[in-house]
Amino acid sequence: MKKLLQVQEALTGGHRLCAGCSESIIAKQVVMASPRPVVAILATSCLEVATTIYPYTAWMIPLLHVAFENVDAVASGVEAAYLALKKQSTLPHNEDLEILALGGDGGTYDIGLQSLSGALERKARIRRICFCNEGYMNTGIQRSSATPFGAHTTTTPRGNASFGKIEWRKDLTGIVAAHHIPYIGQAAPVTLKPHDLRIKAAKGFEADGPAFLNVLAPCSRGWGFEPKDTIAIANLAVETCYWPLFEIVEGKWNLTYEPKIKKPIRDWLAAQKRFEHLLTDEPLIEYIQKRIDEEWEALLKKCDRK
Amino acid sequence: MPEKQTLEIRWHGRGGQGIVTAAKMPAEVIIKQNGHALASQEYGPERSGAPIKCYTTISNTEIKMYSQPEHPDIVIVVDSTLLKTEPILEGTNENAIIIVNSSHEPENIARAISGGKRKVWTVDATAIALQELGKNFPNTTLLGALIRATELVSLENILEKVAEGLGKKNAALLEGNLQAVRRGYNEARFYQGSEDAVPSTPAPPQKAWYEIEEAGTLPAGTAKKYSTGDWRITHPVLNEQCVHCMLCWLFCPDNAIVVKNEKVIGFDPEHCKGCGICAEVCPPKIRAIAMEEGGEPCEK
Amino acid sequence: MRKVIAATGNQAIAIALRQIEPDVMCAYPITPSTQIMETYAQYIADGIVKTELRLVESEHSAMSACIGASAAGARVVTASSSQGIALMHEILYIASGLRLPIVMAVANRALSAPINIHGDHSDTMGSRDAGWIQLYAKNAQEAYDTIIQAIRIAEGARLPVMVCFDGFTISHSVQRIEILEDAEVKDFIGVYKPEHSLLDIKRSKTFGTFALPNFYAEIKYQQRDAMRKALYIIKDIDTEFLNRFGTSYGLFETYMLEDAEIATVVIGSTAGTLKYATDEMRKEGIRAGMLRIRAFRPFPAKDITDTLKHLKAIMVLDRTDSPGTDGPLYQDICSALIDMPIHPSISNFMYGLGGRELALEKAKRIYRDLADATRKGIKVEHGYDVRTEGVGR
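Protein sequences, first through last, are from chains A, B and C.
In case it helps, my numbering puts the first sequence at residues 26 to 331.
In case it helps, my numbering puts the second sequence at residues 13 to 312.
In case it helps, my numbering puts the third sequence at residues 2 to 394.
Only chain A is shown next, with the shape it has when bound in the complex:
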């Protein structure tokens, strides 16, 4: 751990993310994992607008923001330039670099999916992080395809005729896996395995080709919990198997954390205001538990645990 104190710093304080926001924690832990200097490309997102308000940028590493839906295309352009200049020995500094692309679930699961798929198919040597806060938090908490079943958002509101979002979330990690890239990880900023995210990022930085990390990014405002509980909520997501920690290395699935006792999904739901209306609906909770169990079993199978 002490060695980490010497590593490159992604962000300085003075950014204007909410108190307790997980996104800067994730950015910091990912960037510190790189053995080489990092150049970052950031999709429009909370992380972008709250860290780059002119004349104040919180970024310590080089950063480029272009738009919402194209971070992977931009990153492939940066990679192309990097390779071209490296070939001609005209890089500003003769050093190997890492190209990191960052986006929220909007910029990854939804509007950015085409650009992501294109870059992965072209095997661009980029490292891609999805901050999955399960909704369009930057614009005020609207649904995304990562928003979980039953969650209240401003576009899937609970009401007399509605229990929140009616669709199950998209399996983005699975979609990325279908691109057969060298490294894929699903992670979260958790203290129950505090170095899991950083270690996955480090493996990603060594991949010979694209690497993708889908990182759960708890959002106190969007999910409805106290800012101090950001990490506790992430822990709970893992302990209930709502967000299992695993990786896919050259096609091989490995579980990186298995809860000793799998907590009931009710614990996860009860900890967040976005699900509070579900707590009296036993059949719905049973349905969610059943699907979580099925997904967990399927994952165990893929990881050769069963």
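Note that these hints are calculated values from the structure, not bench results.
This list has only true hints and no planted wrong ones.
Just the calculated beta-carbon pair ranges, DEER-fashion:
1) C:Ser323 x B:Tyr222: 29 to 37 Å
2) C:Ala184 x A:His118: 26 to 34 Å
3) B:Lys272 x A:Lys218: 24 to 32 Å
4) B:Ile75 x C:Pro214: 15 to 23 Å
5) C:His383 x A:Thr180: 42 to 50 Å
Where a beta carbon is used, it is the ideal one built from N, C-alpha and C, also for glycine.
Based on the hints, put chains B and C in the right spot on chain A.
Here is chains B and C on its own, set in the frame of chain A:
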């Protein structure tokens, strides 16, 4: 209605304190009574805790101007920590009314802000909200104080509107809110400023277009100069149990854990937002960090 | 030394790009500019150029990748047309807003619906406010020369440049072209040294910051100022090109204007037809002339005013429609002449949509109508090349 045909109110608060709702509420009451009102806000990318401004305009004739008031008649400060950092008096004249959520006497506030002859009201809206609602939602209390300071509408009227707005959704909170309005009305304290006006310092000049970096491209890390320390409502305190495991450093969202010679020595008062994650991730057996009330500069 | 070859407009562009040998090319094929990418891909396949070519999954991504590469300090080119330009519309503004010298060849083509693959200017006219320099060539030779100039113009102005030429008419027809030697082109464009680069890890910068109302207008005004200065850069580069290679194009081209009474103003390949028509008119004793816009953005309003102010009547030809109002070129010409105490009568003719050619007879009719109206002291009505009489059921 006061003599003036149009009354403009500016609200200073922080994201997440519900000041947008606060600015809308009097406008809704007035419109409901077939009057004319407008409520607007300054939208920015800031998140919870960042200073924001809202506006309410009330008039007895049609409001045709949709831009934000430059010379408000009333300024309401929802969060008194903003008195130090925000230009509270900007654009106001000597007749302006300043309403501040504060436990201090209005006379002290008037002096602190160099209010000149402005009328200053204070009300301890946070304490009242905590007592009546169990939460720091000072808006309804301030609404009571606003009614007291202006007699815009009757207290009964505003109570009715609050009941209407909250009754459907949250009966449990209704009585508390009504009580908060009443107490805001009754407990607001007044001070008529008399000091000679202190000439206000003009706003510092801004860069011209040709002085700005091309395309707004910035050198790294300029946000270091931007203070988010005043977002804090609680602050971390470090004790000697600390074993310097660095978990707090690894999980701090604001790079506010100060480390020297591989040891945690304190917190960066300029940037710590008081989220409390450091105290939560500190291993349970050690518990070297505790969060304490108030946004005092944390130790360094 | 120029060498004569036979090539289509697209091939001429591809040859120029080979000679330029950009660091990066990111593109997505679309008719009628596809050949540019195909030819360039073959150069790479044959090991002739070292460019990093990224044939991405959409034009939106193509322009996005160009931005990434350009911000990273590479010399970057692309090509597109029509729906491709429309799809990348959002990103065009970001390329110019970030002040990136990307060069794009555009084989102009109509926009859907109805779908149509042929030439008109709807695509680039739709992005005329995107902050890109727009240079329109009349033929393959000019397109070839202009794309070489565009590299210098873009890097000098720190603005992206579109080099436009008519789809099919120019992009696909084989023409006589005189190309420069590779070394001459390399020497003319020089080595690109960007002011700052995303890859400069020792001088880390944040590109693409967020500007609130207190700074946004100032940053946009910088772009406006850059565009104003670009007029001089275009002229300077053109003069240097003339001195080196004996060819010059200017901001616009004039034909028989000095003593003319009536004239047409046009963009693109149609200028050729109008020159023939002008000659015919002169034979009939009508003092006709023509002005062809090459630099549409920045618009050389002052020079145009000086050139057109003595005329009696002008017909501005727009090869695009702006439903609900007049054509964009017409509006700019009117705006350029409005400050003259006495200005020519100005009319607008929309023509050539979806590849409909403006044949010589039609061109002559435009001049005759202008001449008639001038004689009668009246203004020619706005026109639109469309059938107004049908089969009469």
